[in-house]
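Q: Listed in order, the protein sequences are those of chains C and A. By full-length UniProt numbering, the letter at position 218 of the first sequence is numbered 218, and the numbering carries on one by one without gaps. By full-length UniProt numbering, the letter at position 77 of the second sequence is numbered 77, and the numbering carries on one by one without gaps.
Simulated from the structure, these hints should not be mistaken for laboratory data. Note that the structure is predicted; figures quoted are calculated from it, not measured. From the three backbone atoms N, C-alpha and C, an ideal C-beta is built for every residue, glycine too. Treat the hints with caution; some may be incorrect.
In silico PhoX-like links for lysine-lysine, alpha-carbon gap of 25 Å or less [as the list claims (entries may be wrong)]: (1) A:K173 / C:K42; (2) A:K179 / C:K42; (3) C:K347 / C:K374; (4) A:K179 / C:K374.
So, partial list: chain A residues that the calculated Cβ filter (under 10 Å) puts toward chain C [said to hold, decoys possible]: (5) G16; (6) S65; (7) E82; (8) E114; (9) P178; (10) T180; (11) S193; (12) M194.
The primary structure of each chain is shown beneath.
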Amino acid sequence: MNTREYMLGNVAIARGIVEGGGRVISGYPGTPSSEIVDTLSKMKERDFYVEWSVNEKVAMEVATGAAMTGVRSVVTMKHVGLNVAADPLMTLSYMGVKGGMVVIVADDPGCHSSQNEQDTRKYSEFSLMPCLDPSTPQEAKDMIPYAFELSEKFELPVIFRPTTRISHGKADIELGEITEHRVQAKFEKDTSRWVMVPSNAVVRHPHLLSIQDGIREELEISPWNELTIKEDSKIGVIAAGIASVYAKEAIENLGVSASYLKIGAYPVPEGLIKKMYEQVDTVLVIEELEPIVEDRCKIIAKDMESSVKIIGKTDGTVPRVGELNVDHCVKALADVFEIESGLPEIKEIEMELPPRPPAMCAGCSHRATYYAMKKVFGKNAVFPSDIGCYTLGIQNGTVDTTLCMGASIPVASGIYHSGEKQPICCSIGDSTFFHTGMNGLLNAVYNKANITVAILDNRITAMTGHQPNPGMGLTSTGEVTKEINLEQLCHGLGAEFVEVVDSFDVKATIEAFKRAKDYEGTSVIISKQPCIIYARRTGVRLTPFKVDHDKCVGCRMCVNLGCPAIEFDKETKKSTINTTCTGCGLCAEVCKFDAIKEVQK
Amino acid sequence: MSSKASKFDLVISGVGGQGAILASDIIGKSAVLENYNVRAAETHGMAQRGGSVVNHVRIGCDLGSMIPLKGADCLLALEPVEALRYIDSLADDGVVIMNTEAVHPVTVTTGKAEYPDVESIVAELRKTHRVIAFNATEKAAEAGSRQAMNVVLVGAVSNFLPIKTETLLERVKEMVPPKTIDTNVKAFEMGRSMVE
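From just these sequences and the hints, can you work out the full model?
A: This is the structure we're talking about:
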């Protein structure tokens, strides 16, 4: 029977969790990690518990609680999410676990969909938790059951770090057996293990250090590292994670002979590195992002008093920023071998191409809210914002700052307390507000920040692929649950001025923003309207609009909204509405000439 | 020169929402059924919201999913500007298959940038490569739905893939919404007949 299936990397990872007997899986959505929990949540038959938590710190703590009882647990997040969860992570390594726990952190070299490109392997060094770094989606799936075993053997969580090209890559995957890992959850009281007061922490820290050699020895012989010695060559290549397949292809394409060490687990395999040093006099280290393997290689060479020359990022042969690819590896190898790279010459395209940045969708309610906000506060106001689809408002002039999840409200407060004279109105989405925005609002009210907070409530976590959040009344698996009322929540956090508006009722939204601006203190506007993509998927259809060309004077007011459904004909100097119109009606609202009307059926 | 690491390297470019992922899924799944190893890379997340997207599909490859520069055997473009934007991925002897129906980005609709004349895009591409250009969106409309444009182009590229036509057609039937099977089969066949 053919058990090979064509799958997305994240779907393969979800399969790995099932094969490995994961019992409690939590996470917070973030590209490129989201489809792992999405896949598990959509499975019709489940013998595990899965949840979208409200943020990564909470998710990490939920998985920790589960692992304390002896069952296998997983937490998933994107790389920057680990910063939020770093507090539990750093003490969890002292505390350790009973059931196997895998911390899945998806990195995004090249910032495809992220605000930075930090390297999670640094957290592995920092926390002293081992880290697995897959080179293909198949290996990603196969590593998960192994990670559970490793975690249980050393009673320490294991970090698993795919990158965008693993998580959002597709490949033919050979499925494995599903482990019959049946453990009855039982929390056993043991304050020396589970209560990290100073007297216990000072005992657990040396314990954590004492198991490092054992972990290194275990990983050294794992299938994730692979050494091939070429006796006819004095050059060696050490490549880690996904860079190892790029390096392999580059070696094949150039037809050079080199000893080759693929690394898929950290701490790095010192024995294999030393074996390579016995054969070669030059080593090229290829890895994405930080020079972690490279630095270890240098330390090992120094300890051995080896004269081997180590080439990599420090000397500029391999780039430290962005994603790597086969071409980078070909170039680096050609440099080391002192041969022609044979890389093709790339000619500049002579024609000027229009940029195509991502934009808010036709009918996105954020566009309407931003229009009202800008109309009331004026373009000189300061508009701190946050992370979500609404960050695309950068095109509309209503996103002046974006730092990290939940930063909009505190940044707005700081700008206010500095003495800035312009009015300040910040924006944050519903899911981001639940994530870390709430603390910011509490702080703003408590410390009397005179700012307006707009919560752009599109009733879902949209950017990462429409995951439910506490405002929806649905869990990750679609079960009905308590719907958290944002208005009550804001009142609970101390805000006295809280108004809820319909984003598409532009006039009412403008009036509400006016009152919020005049209010002395922290005012909150909750602008509510479901994400248009999700609404349409669930069957909502609004009547589209069209432009009456007899009335259109070509003032471009509608065009300036930046809606993909509105086009401007340079010949006729008139606007037209294309087939992508979803019927939000914002353009009809802004047209001063009454030229935009619903299409008559 | 295409890479030794893969039998056939395909780049699919377009605009978020045009169905580039379904097109690469039909091809990838078919290739796996014909016992090839497949590696593919996709654009998800932020760039998907109406942005420029590019997928790589490597048939008969067990290494990485990213096709080296000038390594692709074929560039399948769902939109004209997105053909020219990714031309560096195509080998000198590779072929461009492209839809001539333009989708204007917001930078153009708001007047911040100009959209070049589609004929001049095709002419520019023809200076260096073999180009098969036609309005796949109109063909799809003829078949029954403009949304079947991606399947028209899968039909066109099927002439070059090392995969049996029947295998691809079966995947089309399996992977499109049941109500649209007839339209999509027609769309596939119309696309397939566009290549001499």
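Q: Which hints, by number, does the structure contradict?
A: 3, 4, 9, 10, 11 and 12
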